[in-house]
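Residues per chain are reported as follows:
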Amino acid sequence: MDQKRKILVVDDEPDVIEYLTSLLEDNGYEVRTALNGKVAMELVKDDKPDLICLDISMPEETGVRMLRNLHDDDRTKDIPVIIVSGVDPKFKDFISHRKQVNPPSAYFEKPIDKHEFLNAIRTILSGIGIAQ
Amino acid sequence: MPVKLEELNVWVATKLFNEMPLNIAVIDRDYGICVSNEKFVQRFGKCIDRKCYEVLKQRSEPCVNCEAMKTFSDGMARKYEECINEAEYYMVNIIPVVDPGGNTIRIISMLEDITDIHNRQMECEIFFERVPNYISVIDRDFTIVRANDNLRDTFGECNNRKCYEVYKKKHRACENCPAALSFIDGQEHTAEHVGMSADGSITYYVVKTSPLIKGYDNCRYVVEILTDITEFKMLEKEKLEAERLAAVGQTVAGLAHTIKNILMGVEGGMYMLSSGIEQDQKDRMAKGWDMLQRNIVKVSSLVKDFLSFAKGRKPVLQIIDPNCLVDEIIELYESTAKRIGITLTRNPSDGVEPAPLDAAGIHTCLTNLISNAIDACQMSSKENPSVRIGLKQENDTLYFEVSDDGCGMDYDVKQKLFTTFFTTKGGKGTGLGLLTTNKIVHEHGGKILYTSESGKGSVFTIAFPLHVLYELYNESRDTGGTFNEADEQKNGSHC
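Chains as they are written, first to last, in the numbering used here: chain Z, 1 to 132; chain E, 1001 to 1495.
Think of the hints as simulated: they come from the structure by calculation, not from any bench. Bear in mind that the values here come from a model prediction, so they are computed numbers and not experimental data. Treat the hints with care, as some may be off.
To give an idea of the chain E side of the interface with chain Z (calculated C-beta under 10 Å), a few residues [unchecked claim]:
id : residue
1  : 1258
2  : 1260
3  : 1262
4  : 1267
5  : 1271
6  : 1272
7  : 1277
8  : 1287
9  : 1291
10 : 1294
11 : 1295
12 : 1345
13 : 1347
14 : 1412
15 : 1415
Beta carbons: idealized from backbone N, C-alpha and C, even for Gly.
One chain only, chain E, in its complex shape (with noise of 0.2 Å):
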């Protein structure tokens, strides 16, 4: 049934007043309060007939520029936030109430508790300020419209300026903004930047943005919050440069204890030579002669590996059979190991693929594994012993591996397998061939995996990830690469 107009009438006029979820009272220009309604009563207590002041603020006097009685004199209604005992905020509106000849008679002062609202708003803005993170609010020009101080003390003023100006010092947007990325499509993005502050310094940081209404593509502010990561990046820069001036320490000290063995070895075959010719023994002095050619060639294969090993070259990736690669292995060493009486075979490798491959990196690991299984069958008493080279997909992973009966490792051996100028074949290894290996292995994004058992032999596993191996490729072929024409001619025979 419809309601009444009369009856909607009277309802506003008797309920309405108790009804409003704000605490009102009239007062009239003694401050004195005539009227109130059920919630300002139940709020503040009994309050007819007594000043506001009282009421409200518990004061004997009225408050110095009470905001309410501007209106007596202005007519104008007003709205401000008024803190009552320390602890309660209220947003106060206030009406006038004219008479016929326009005077502002009385005033209608409407106080809704605003409490929460206010607390959380304090929460947020020390939230805000004090976080150890800088903040700001951009629009979607990149226009920062709001930054806390952390950010302006670091990145000096920026109200009204575009971010990528007050982060990076630049005149366009980033390349890679999440800020953007939230912008099209409101979620929230994450990415790693490196930008100037105020001073001029290098800052690193971590961007993570925020739509302000999230899964919306039409917002129209992001938050940026980041995380200032310089410390953490100088802490790592450090402590690579630490890693690196260990490594070269340990490399030139293992290098100084090898030549310091060739030169013992040089001047053996000086004193056999030269007291040979004292004593007339042809003998000695084929003895001191010999000595001296082969610690000659010592000293070359020793500069070739440490060459090898030291060259900071990128793989150049080309896609590759790598059955040719091991063909090629086969052929290289098969009259060798004949000659020292090691069977040299090759095991089946089908449904192998070609692949990106750098050419001469995995010539080199090849060589250099075949070798150790070589003199690992030399070192060994067996008789007829053999070296079998295999190589097969599985799972997404190019596996090369060469196994051995050889003499096998023991422990100590093992644990010292992958150390500079760690050699088991005496003055005849310069330790470095394994080493080498495996940072080509690493540079494909690769690793070397082994089995061995002293006495019996040893099986070393080169494993490729295939999609790694492309992802160099595809990176090298975006970036140009580092494939020039010597290259391409070295590379030019392999398939």
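So here's chain Z without its partners, still in its complex pose (with noise of 0.2 Å):
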């Protein structure tokens, strides 16, 4: 049996965590989750996923600092990232021209259209090999 794609979901809102959570899973994937960037970074350290669902405004670290933390580690920052994110459309072309972070391999507004979302995470996996 194939080893199952590991998801890390990184969300300050507990209920978007759980409908995450239960989608991905529904479709055969391992899902972490996280409430926040902090965390989240430890949860990465520990066991790496293949990809990552990120959230930006969060209280206690935002994912704009997680994505520069991704960035400049070099067993991170080849991690491709998913932002689900409620900000404003325009921050999308601001997030993919920074130098200090990896431009995101997708980007999905609030509330997802979770055909896409599930296309998306399809795509981007088929690309790479399963995280060691």
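Assembly of the complex is requested from the two constituent chains, each provided in isolation within its own frame, with the hints serving as guidance.
Have a look at this one:
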């Protein structure tokens, strides 16, 4: 049997965590969750995920900070990140052109279209191997 | 020893001619100078038997239309201003010397040097006409007796018209007229007014009035100097409008962000519910149902808080005992706090007197602060956390204080504290509570102060200067205020 792909969901909203976890698990992924960027970075270092679904506005540590932390560490800089956020769509252009962070692999504005979301994950993960 | 009349006559006959502060010359019909005093010689040089136009104007022929010579024709004395050498100004007095037959045989020309006075007049004239202000001189009936061109260009013809007609196109004097005050007390006064220019456009100006005789209450004229501040006012309005639009934009963006998050929760609830039905999993169905309910509650609180924040309501001030407001809040939150293991106490508040407050507004402020304090305690890992409400009156200021030993705030949170839709409570908060509190406190002329340490707790203090509260209270009574029956009933319970 194929090894399940690991996805880390980071969002300060418990309902979003619950939703994305159920959605992704129902579609055959293994899901880890974190309510803020700080906890998420610890999880990433502990058990490297194949993909990260990241919110931007979070009280403890924002998604932008987490993107920088991922970018600054050689072990984590290649992990694809999908932004799932309620912030202004203009943010997509902004974050895609920063030198300090890798451009996100995809950008989804809340509320998401779950089919498009799952398609994007499948496409991104089909291009890379399983995380070690 | 008294001076004898004969001696005086001798002095007048021999000395006065040379002692007078005037340049005097006696001139005949042929322009020849027959006699002159010492001052005339000192100023114009040797002049006897020379022609007056040679001496005074360095001309070789008589001046065209010579004023002085007219006295030979009509025998009349005359006075006029004469410019000599293009830089010196003299007041010339011509007196005829008449023979017994009534014929003018000589004229006496007396020249008074008025160069300094003339130059000062010129300076005043330049100032009067060239300064970028509107200047007028008005009499006690507010009639303009003199005005500069600038004033006429903007407000239209104004001589002998009332100043309020010219500046405001009104038919009666202004209520807060600074000129009237200057006539009364002889002092300078300033006021800001709105007028109407000749083309019908609104003109904002600051007017400074100064009596022509300072310090006297019976002066006849007052000078009004108006500075046009229309452009500043327009810029100020544009800036306010830009700020308002920016605030609206920011608010709408924040609102959209919050709604998107709630919609995501609703979508999640629907997914959990439908997938639970498909998979026949009651647990999942229950989770989905809970998520839907939670997010409906969130929408309700968002709408409620947003309306409370956006409501443009003037504070309805009544004399209330602040202790009663605090008691009500304690009563409201006591059981909730107890149920979740938080001690809610009240600090002693001696010497606090009734003050003009908007009971509904203060109730909202305290509710928001207590609710935040309770949430901060819940987010802390401490055992038996507590929230305290205090009240004190010191140095003309009334203080409401809410302190907690909850999770406290770090630098980032403090920076965003009064930002629209900023919340540390995830989806639970709307990010409008402190903003609404701040708005209400500002409407009372007060301010919010806070100290906080991450992990230790926070203290929020609302400070209301009592004199400001009383000013607002008197204003609202003078203008009829916004007080109405509904508000009276609403506020009726506060002691």
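The hints, checked one at a time:
1. 1258: Constraint on residue 1258/E satisfied, holds at 7 Å.
2. 1260: Cβ of residue 1260/E sits 4 Å from chain Z, so the hint holds.
3. 1262: holds, 9 Å
4. 1267: holds, 4 Å
5. 1271: With a minimum Cβ separation of about 6 Å from chain Z (threshold 10 Å), the hint on residue 1271/E holds.
6. 1272: holds, 6 Å
7. 1277: violated, 13 Å
8. 1287: Because about 7 Å separates residue 1287/E from the closest Cβ in chain Z, which is inside the 10 Å limit, the hint holds.
9. 1291: For residue 1291/E, the interface hint holds, since the closest Cβ of chain Z sits about 5 Å away, which is under 10 Å.
10. 1294: Nearest chain Z Cβ about 7 Å off; hint holds.
11. 1295: holds, 7 Å
12. 1345: violated, 28 Å
13. 1347: Violated, because the Cβ-Cβ distance from residue 1347/E to chain Z comes to roughly 30 Å (cut-off 10 Å).
14. 1412: holds, 8 Å
15. 1415: This interface hint is violated because 12 Å lies over the 10 Å limit.
Checked against the numbered hints given earlier, the structure breaks hints 7, 12, 13, 15 and satisfies all the rest.
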